[in-house]
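Participant: Chains as they are written, first to last, in the working numbering: chain A, 92 to 203; chain B, -6 to 104.
Hint data in this document are derived by calculation from the structure and do not stem from the laboratory.
Nothing here was measured: the structure is a model prediction, and the numbers come from that model.
You can take every hint at face value.
Some chain A residues close to chain B (C-beta under 8 Å, calculated; not the full set):
no., residue
1, S123
2, G134
3, Q190
4, T195
Using C-beta positions, here's what the derived DEER-type ranges look like:
no., chain 1, residue 1, chain 2, residue 2, range
5, B, T64, A, P101, 35 to 41 Å
6, A, T142, B, G9, 42 to 48 Å
7, A, K159, B, S58, 35 to 41 Å
8, A, G92, B, S58, 22 to 28 Å
9, B, G9, A, D146, 47 to 53 Å
10, B, S77, A, P101, 21 to 27 Å
11, B, S60, A, T162, 34 to 40 Å
12, B, D31, A, Q136, 17 to 23 Å
Even for Gly, the Cβ is constructed at its ideal location relative to N, Cα and C.
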Amino acid sequence: GDSVTQMEGPVTLSEEAFLTINCTYTATGYPSLFWYVQYPGEGLQLLLKATKADDKGSNKGFEATYRKETTSFHLEKGSVQVSDSAVYFCALTANTGNQFYFGTGTSLTVIP
Amino acid sequence: DAGITQSPRHKVTETGTPVTLRCHQTENHRYMYWYRQDPGHGLRLIHYSYGVKDTDKGEVSDGYSVSRSKTEDFLLTLESATSSQTSVYFCAISESSETQYFGPGTRLLVL
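With the rest of the complex left out, here is chain A:
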């Protein structure tokens, strides 16, 4: 079945460090891919998305490229800030029945 696997956390980085959070997926057909972010005590917010192969989603300095050949959608940011501390979820929908599948989340802490 459809699924998402993302790297285990927690991840701790110093401010201005480079961030990569790995995400790979298994899906039939051509899924849409998403990154969501959850700040403490809040619900999930859409960070970025890509709907077809080779698309790059970007928002707030974060980027992820939909790689069909490696079934991956890794999240990157060139210079993290303390305010980026949150839990990040990779997700997909395979456009069948409108179900979404989420990874287990990766906790990021950025220290000054």
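Start from chain A and add chain B according to the hints.
Facilitator: Relative to the frame of chain A, chain B by itself:
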């Protein structure tokens, strides 16, 4: 921000009692979802709805039921709460397969 509210935001209840959580949307989106979030498991789908009176089970539906009598409201009922149902519950909505929008969550503690 999408107009999604959840009530109550926090609840403490006792084992064996029924509990109903409410999700209300003002976006007129067709699809509504209930998830639970637990450490080490991420988000797991409990039930979802694809229209008024149209619902289906998700990954972890045992012990839960849902109802959707109006487009804007999606109710989740724990028929007889157990300690294993202590969790944070999130409602989400979507109009298509493009994006889900999440509510603020309900923290439920079953003693």
